[in-house]
Amino acid sequence: MFGRVKDAVADAAETLRRAFAGLNVVEAAPEPFEPLSHGSEGLKAEGRAGLEPPATLCREMGLLREAVEGRALEPFQARLCDESGWARWGAEAEVIRMTPLEGGRVSGIAVPPLPRRAQTAGRVEPPVRPSTRRWAEPLPAPGSRRLDPDLSGAGAKAGLDTILSLAVPIQGEDLQHLPKGLWMRYSLQLVRGTGENVRNLEVLGLFRLPRKGVADLRHDPARGRILVRLEAAATRAPRAPFILARRKDDGALVSCFVEDP
Amino acid sequence: MAEPIKLAYFMAVKEGASYLGGLLVTDTSGIPLDFRYTEPITPTRLQGILYGKSLEPHLKEEVIQKTLLKELKTPPDLFILSATELAGGWSGEAKYPVLAVQKSQESPLAKVGEAFRAGPRELLLQVSEGAAPLRVMFAASVDAAAQEQAIMKLLEAGYHMDLAEPLERVSAALQSLVVKEA
Numbered sequence: 001m002f003g004r005v006k007d008a009v010a011d012a013a014e015t016l017r018r019a020f021a022g023l024n025v026v027e028a029a030p031e032p033f034e035p036l037s038h039g040s041e042g043l044k045a046e047g048r049a050g051l052e053p054p055a056t057l058c059r060e061m062g063l064l065r066e067a068v069e070g071r072a073l074e075p076f077q078a079r080l081c082d083e084s085g086w087a088r089w090g091a092e093a094e095v096i097r098m099t100p101l102e103g104g105r106v107s108g109i110a111v112p113p114l115p116r117r118a119q120t121a122g123r124v125e126p127p128v129r130p131s132t133r134r135w136a137e138p139l140p141a142p143g144s145r146r147l148d149p150d151l152s153g154a155g156a157k158a159g160l161d162t163i164l165s166l167a168v169p170i171q172g173e174d175l176q177h178l179p180k181g182l183w184m185r186y187s188l189q190l191v192r193g194t195g196e197n198v199r200n201l202e203v204l205g206l207f208r209l210p211r212k213g214v215a216d217l218r219h220d221p222a223r224g225r226i227l228v229r230l231e232a233a234a235t236r237a238p239r240a241p242f243i244l245a246r247r248k249d250d251g252a253l254v255s256c257f258v259e260d261p
Numbered sequence: 001m002a003e004p005i006k007l008a009y010f011m012a013v014k015e016g017a018s019y020l021g022g023l024l025v026t027d028t029s030g031i032p033l034d035f036r037y038t039e040p041i042t043p044t045r046l047q048g049i050l051y052g053k054s055l056e057p058h059l060k061e062e063v064i065q066k067t068l069l070k071e072l073k074t075p076p077d078l079f080i081l082s083a084t085e086l087a088g089g090w091s092g093e094a095k096y097p098v099l100a101v102q103k104s105q106e107s108p109l110a111k112v113g114e115a116f117r118a119g120p121r122e123l124l125l126q127v128s129e130g131a132a133p134l135r136v137m138f139a140a141s142v143d144a145a146a147q148e149q150a151i152m153k154l155l156e157a158g159y160h161m162d163l164a165e166p167l168e169r170v171s172a173a174l175q176s177l178v179v180k181e182a
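Taken in sequence, the protein lines are chains A and B. So the first sequence is numbered by UniProt numbering: it starts at 1 and just counts up by one. So the second sequence is numbered by UniProt numbering: it starts at 1 and just counts up by one.
Hints may contain errors.
List time: in silico BS3-like cross-link candidates among lysine-lysine, alpha-carbon distance up to 30 angstroms [claimed, not checked]:
{"id": "1", "chain 1": "B", "residue 1": "6", "chain 2": "A", "residue 2": "212"}
{"id": "2", "chain 1": "B", "residue 1": "111", "chain 2": "A", "residue 2": "157"}
{"id": "3", "chain 1": "A", "residue 1": "157", "chain 2": "B", "residue 2": "180"}
In short, the hints are calculated from the structure, not lab data.
Full structure from sequences and hints, please.
See the structure below:
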């Protein structure tokens, strides 16, 4: 591989050598630099007779119209005139004579009286006051309403029938604490009222019940009380001792009111 | 002969948005002597806002209770209400002792009539033989002397009746009235 590279470089060198082998070198002499000189005219001065005043051309300036449109001013341009200013100034000179002062007529001058009261001047006028106008349509006044917070509107009703429809529990009295004589009296009345043998009766309790108005009666042995359903007459009826007993032979309940001594 | 004792049982309940109350007067056997109840009062929403938290106490004490008491011909000896109502700060009429009675789970005291003071306005009272003592709570308006008189009346009535039971009847009656009104 290096051999090929070497050959290629050699071929390129030979090619270059052959290409530049036939060139001829020509020498050329350079031309000398020569500066060229030109003559110039001298300065000359022209004399003029006298001074000439500058003449100006006045041009009217157009007024700005409506302050909207503006016109550009043309620049001043000087112009030479042939008229001699000095000569003209001397020729047109004018002498003015002033008349002497003369005595004038004397006349009286009425002096106005001083004002008695000084007038104030320079009063500043008040600024324009805004005029008030009444609103033709005012807001309508809100109507007030009254809420009565009183809650005392409840009426009471008699509901005795309602409460009497519920069973009333009547607690039995403690027979152990009754006087013995009183209990003997109650027992006699129980036998007389039921017609049962006292040995066949088991006393369940002594209760105070209304003599009238007892519609229904049930025994609650668990709590030793009776549940009664009453009528309205019961509220006004006198209370009386009531003995509830059970017959031992058939378990039937017997009862009677007894008299207090 | 002494005037029989009258016990007044008061209860006010809220059913839905309405309030109604009942007052049951019984004798010492628990037998009803009178029963009054109010028509249901339904405060408006605006009244509820204006009264705020004072609505319910105001209705129960000022409106319902006073309306019912006006209907009574003779004042009761004891004014009994539920322990919940009394604990809520009852400030009703002071013409008669206001108290609450409640069944307790305490063991019976030595004898009937014995009282155990649990506080200046609360005590346990043995009203019947062998039963659990009754918890009695007095309103703040009841002084010590009035409490003693009330205890005597409770013992007398408790011999014949269950002192706490009539409130259950009042509650049941009000419930039946609500159903009837509906």
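Checked hints:
At most 30 angstroms may separate the alpha-carbon atoms for a hinted pair to count; residue 6 of chain B and residue 212 of chain A meet this at roughly 20 angstroms. As the CA atoms of residue 111 of chain B and residue 157 of chain A are separated by approximately 42 angstroms, the hinted pair breaks the 30 angstroms bound. Between residue 157 of chain A and residue 180 of chain B the CA atoms are separated by roughly 14 angstroms; this keeps the pair inside 30 angstroms, and the hint holds.
Of the numbered hints given earlier, the model fails hint 2 alone.
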